[in-house]
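*Asks:* Chain by chain, the residues run as shown.
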Amino acid sequence: MASWRSALSLTFPVMMGYLPLGAVFGVLWVDADLTWYWAPLMSIIVYAGALQYLAVGMLAAGIGWIDLAVASLLVNFRHLFYGLSLYHLLPNGVLGKPYFIFGITDETYSLLSASGQVTDSKTALQVVAFNQGYWILGTLIGMVLARGLPPGLQGLDFALTALFTVLAVEQIRAKKDWGAVLLGLVAAAVAGFWVSDYFLLAASIMLVLVLVAWPQPRLQEDAA
Amino acid sequence: MSELDYLISALIMAAVTFGLRAFPFVARGFIAHHKRIQILGRRLPVAMMVLLTLYAMNVHNWSQPSDGYAQIIAVMVVAVLQLWRRQALLSILTGTLVYMAIMNSWFGL
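Each protein sequence line maps, in turn, to chains A and B. Note that numbering that gives the first Met the number 0 gives residue 14 to position 15 of the first sequence, counting from 1, and the numbers run on in steps of one. Note that numbering that gives the first Met the number 0 gives residue 107 to position 108 of the second sequence, counting from 1, and the numbers run on in steps of one.
Worth flagging that the hints you see were computed from the coordinates, not collected in a lab. A quick note: this is a predicted structure, and the numbers were derived from the prediction, not measured. Certain hints may be false.
[As the list claims (entries may be wrong)] Pairs of lysine-lysine residues, derived as DSS-like cross-links and limited to a Cα-Cα distance of at most 25 Å, are as follows:
# : chain 1 : residue 1 : chain 2 : residue 2
1 : A       : Lys174    : B       : Lys34
2 : A       : Lys121    : A       : Lys96
3 : A       : Lys175    : B       : Lys34
[Stated by the list, open to error] Residues of chain A placed beyond 10 Å of chain B at every Cβ, according to the derived structure:
# : residue
4 : Asp30
5 : Thr164
6 : Val168
Yeah, the Cβ is synthetic: ideal placement off N, Cα and C, and Gly gets one too.
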C-alpha cells in the first residue's frame, strides 16, 4: 500500500538533479529559437538528458538525420548494459514493460540497481515515472525562466560541456582506463585535423573500430 | 524546421535510445557472453565521454582566435570540483557560471 510514497522519497535526490538540469534544457531550447512546445515533447518522447542537450545545437544548425542517429547511438551507448542488472524488476504489463525500459536513464539505473531498496516491479515503475515527471517539470520551468533572462547573455550552453566533463570524470574515476582516455584524445585530434566537418562521426567510428579490433589478451584465449 | 522535421528528429532519438535500453532484455545471452561486446561496453564510455567533452568544447573549430581559453578554464573548474565534491549539479552550475562570468566580462576583464 501507498508504495508511491516510498517511490517518492527514494527519488528525491533525482528530483534535486532533474529539476535544474531539465531547466537548463528548457532554457537552451528557447534560446536556440526552436519551436517552444517541442521542448516538453522531447522530454516526453525522447527522455535522454545529455542527448537532448546535444540535440539543441544540432537541430538549430539543421544537421542531418544520420548524424542525429549516430549521435544518439554514441551518447547513449552505455545504456546498452543497464538492463542486465534490472531484469528482476521488469514489469509484466503491456504498457508497464515498455515504459520501464524506456525510462532507464543513468540516474534511474543507479537508483534501481545499486540500492537494493527497490525490490518489486511496481515500485520500480513508479520510480521511473516520478523521475521522468521531474525531468518534464524541469523543462517547463526552464522555458519560463528563459523569458526572464537578459538578452545578449552568453555562455549558458556551457552546461552541456560541463555535463560531459562530469560524466567523463566519473567514467575515468570508475574505470581508471587511461588507454581509453588517450584513445579519445587521439581520435579527437585526428578527426579535428583531417575531417573537422564530420568530427563526431569520424572520431567515434575510430573509437569503435580500434576498441573492437585491438587485440585483447583475454580474447586470444577465447579464440583458441 | 517544419513540424515533420521535429517529429522525425524526436522519433530517431527516441528509437535509437529505446533500442539501446531494450537490447539487454531481448538479448541477455549475447551481451553476457560476448567478450568483445563487454570490452566495448567497459572501454567505449570512457573514450566517448572524453570525445564528447572535446566536441562540446568545439575544439575542431578553434583555428581562429576563440573562446578556447574560457572553455579550458571552466572545464578545469568542473573537473576539479567533481573530483573533490562529487556533486554533479554543483560542478555543472559552478563551471557554467565561471564560463558565463568570463564571456560576459562580469569581472571587468
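*Asks:* Determine for every hint whether it applies to the structure shown.
*Replies:* Now the hints, each set against the structure:
1. A:Lys174 x B:Lys34: holds (17 Å)
2. A:Lys121 x A:Lys96: holds (11 Å)
3. A:Lys175 x B:Lys34: holds (20 Å)
4. Asp30: The claim stands: aspartate 30 of chain A keeps its Cβ more than 10 Å from every Cβ of chain B (closest is about 13 Å).
5. Thr164: Incorrect as stated: the minimum Cβ-Cβ distance to chain B is 4 Å, not above 10 Å.
6. Val168: The assertion about valine 168 of chain A is violated, with a minimum of 4 Å to chain B.
This entry does not satisfy hints 5 and 6, going by the numbered hints stated previously.
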